[in-house]
Amino acid sequence: MKEATERLQVRIKLPLDSFDLDVAFDTSSQATGVFGVSGAGKTNLLRSIAGLERRARGYIRLGEAVWLDSSRRFFLRPEHRFVGYVPQDGLLFPHKNVRGNLLAGTHRAPGGRNGQQSTFQSVCKVLELEPFLERDIATLSGGEKQRVALGRALCSAPRLLLLDEPLASLDVALRGKVLPFLRRVREEFDIPLILVSHEPAEVRALCDDMIVLEQGRIVARGQPREVLTQRHVVSLIEREKGWGGPWEQE
Amino acid sequence: MENTTLDALRLTLVVASAATLLVIMPATALAYLLARSEFPLKNVLSALVGLPLVLPPTAVGYLLLESFASDGILGSGRLGFDPGILLTWKAAVIASAVMALPLVVRTAKVTFEGVDPRLEMMARTLGHGRLSTFFRYTLPLASRGLLAAAILGFTRAVGEFGATVTVAGNIPGRTQTLASAIFTAQQVGNHREASSLLVISLLIGFVAILSSEYLARKKPEHHHAR
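Residue numbers (my numbering), protein chains in the order written: chain A, 1 to 250; chain B, 1 to 226.
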């Protein structure tokens with residue numbers, strides 16, 4: 001199933017509370033980072049791509065499939081976009097166990113029952129989910145929850161993975177344990193992904209292309225190792241970490 | 001126990017169950033609409049649904065009586081046939097359903113508001129359309145609250161008196177419920193019967209409250225793979 005990564009075109013305008021999200025970029029990279037301080041509009045960008053922001057205007061296209069074209073009043077509903085969305089807190093379904101969560105989107109995976117079963121099995125293998133398939137989700141640790149959320153997205157055979165700060169709810173030690181799974185997903189599944197993060201290390205570890213958002217606009221674009229050393233981006237990172245200056249003393 | 005007491009108990013259970021069944025689906029739909037969508041005149045709809053809660057029950061009964069009278073909007077003159085509702089147990093069902101509606105809608109609305117809309121969005125991104133999301137995700141996530149709403153509606157229907165007596169009358173063995181039987185027994189000074197009716201009412205109310213508290217406390221059930 002190896003093929004070139006499909007080209008993703010995004011042109012979005014979305015009014016937010018204190019500024020407008022106004023973003024345009026194309027990418028054919030397998031993993032694109034969206035970096036920015038909190039409140040820069042990163043999550044709104046992902047939600048717009050997923051089809052969860054009805055007010056988003058513009059144009060979105062993945063490969064041959066147009067998802068949004070407001071000039072022609074076209075809006076593809078989220079259930080038809082085939083995205084795998086992994087939010088910060090996992091958002092697992094509390095009325096289903098781990099297996100039920102993983103199966104929540106399998107109906108749209110190709111290949112009939114056999115194909116769906118083999119997708120399910122390879123996802124469980126890559127993410128090492130077999131030991132807790134029958135577990136109640138309330139008994140999972142934070143890291144396990146994020147792996148299940150990732151698995152649920154992958155089992156639905158998405159054409160694009162949207163990872164919204166998938167490690168941010170975890171402590172540093174757990175992040176180190178979950179990050180390798182993200183890398184494995186990148187290597188094992190041929191699905192383009194967008195990683196939203198405010199952690200330079202995560203973007204560097206996973207992405208080969210990135211954009212930097214500030215106040216809803218793209219202020220830098222390129223390969224992580226170059227972008228993350230640009231002076232403006234470095235100052236953004238420092239401000240976010242609270243080393244930035246006298247106004248953030250606590 | 002006297003025959004009229006047993007008749008009243010049986011009729012009350014039948015009427016309250018039928019009223020609950022009649023009300024639960026429209027109430028769920030209304031509650032979901034009020035909890036999840038914005039539309040013009042939403043406040044007006046909300047107020048209309050709440051009216052039976054604040055009107056005198058006899059006023060609601062009178063309104064129903066006028067509607068079902070032969071020249072009313074739901075009467076034989078309009079429908080072309082006689083629905084034969086007034087002064088039957090069916091009238092009691094309709095009256096108690098109308099009186100229970102606001103309580104069921106309110107409880108169900110709070111329940112739906114407690115369902116994280118982001119879980120519904122997650123279901124959408126996983127390929128479920130709006131209907132599938134509602135039936136596979138929203139409803140199961142709200143199931144305990146909806147059951148509690150149904151129990152509350154049932155108890156409201158059991159206790160309904162004013163509207164019921166106006167449209168269904170108080171005919172022993174035919175339309176006399178616990179509430180109207182207590183009223184009659186007390187009016188004619190039949191102490192024994194009033195007391196046994198009272199005990200029955202206490203028992204029903206007690207069980208209903210216990211079970212709705214149980215629903216509020218019990219952990220959600222976990223449905224396993226589809």
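Honestly, the hints are just simulated from the structure, not real lab data.
Some hints could be false.
25 Å max Cα-Cα, derived SDA-like pairs, lysine to any residue [as the list claims (entries may be wrong)]:
hint, chain 1, residue 1, chain 2, residue 2
1, A, K177, A, Q215
2, B, K42, A, E53
3, A, K125, A, R113
4, A, K125, A, D22
5, B, K90, B, I204
6, A, K177, A, V126
7, A, K13, B, E38
8, A, K13, B, L74
9, A, K125, A, P110
10, A, K13, A, L62
11, B, K90, B, I73
12, A, K177, A, R113
13, A, K13, B, P117
14, B, K90, B, V110
15, A, K241, A, D171
16, A, K13, A, P180
17, A, K241, A, D190
18, A, K13, B, R118
19, B, K90, B, E113
20, B, K42, A, R54
21, A, K13, B, K90
22, B, K42, A, K13
23, A, K13, A, V66
24, A, K125, A, A138
Across the chosen pairs, the derived CB separations fall in these ranges [stated by the list, open to error]:
hint, chain 1, residue 1, chain 2, residue 2, range
25, B, D116, A, V172, 22 to 32 Å
26, B, K42, A, D17, 18 to 28 Å
27, A, E128, B, F135, 24 to 34 Å
28, A, T139, B, L139, 18 to 28 Å
Quick caveat, the model's predicted, so the values are computed rather than measured.
Just so you know, even glycine gets a beta-carbon here, dropped at the ideal spot from N, CA and C.
Quick rundown of the hints versus the structure:
1. A:K177 x A:Q215: violated (32 Å)
2. B:K42 x A:E53: With Cα atoms ~23 Å apart, K42 of chain B and E53 of chain A stay inside 25 Å; holds.
3. A:K125 x A:R113: Answer holds: K125 of chain A to R113 of chain A is near 18 Å, not above 25 Å.
4. A:K125 x A:D22: violated (40 Å)
5. B:K90 x B:I204: Distance ~22 Å between K90 of chain B and I204 of chain B Cα, so the pair holds.
6. A:K177 x A:V126: holds (14 Å)
7. A:K13 x B:E38: holds (23 Å)
8. A:K13 x B:L74: violated (52 Å)
9. A:K125 x A:P110: holds (19 Å)
10. A:K13 x A:L62: holds (18 Å)
11. B:K90 x B:I73: Holds. K90 of chain B to I73 of chain B sits at ~17 Å (cutoff 25 Å).
12. A:K177 x A:R113: Roughly 32 Å between the alpha carbons, so the hint for K177 of chain A and R113 of chain A is violated.
13. A:K13 x B:P117: With Cα atoms ~23 Å apart, K13 of chain A and P117 of chain B stay inside 25 Å; holds.
14. B:K90 x B:V110: violated (30 Å)
15. A:K241 x A:D171: holds (16 Å)
16. A:K13 x A:P180: violated (34 Å)
17. A:K241 x A:D190: Violated, at about 34 Å.
18. A:K13 x B:R118: Measuring from Cα to Cα gives roughly 22 Å; hence the hint holds.
19. B:K90 x B:E113: Violated, at about 33 Å.
20. B:K42 x A:R54: holds (21 Å)
21. A:K13 x B:K90: violated (57 Å)
22. B:K42 x A:K13: Distance of about 30 Å is beyond 25 Å: violated.
23. A:K13 x A:V66: holds (16 Å)
24. A:K125 x A:A138: holds (22 Å)
25. B:D116 x A:V172: 22 to 32 Å: holds (27 Å)
26. B:K42 x A:D17: 18 to 28 Å: About 23 Å separates the Cβ atoms of K42 of chain B and D17 of chain A, which means 18 to 28 Å holds.
27. A:E128 x B:F135: 24 to 34 Å: holds (33 Å)
28. A:T139 x B:L139: 18 to 28 Å: At 24 Å between Cβs, range holds.
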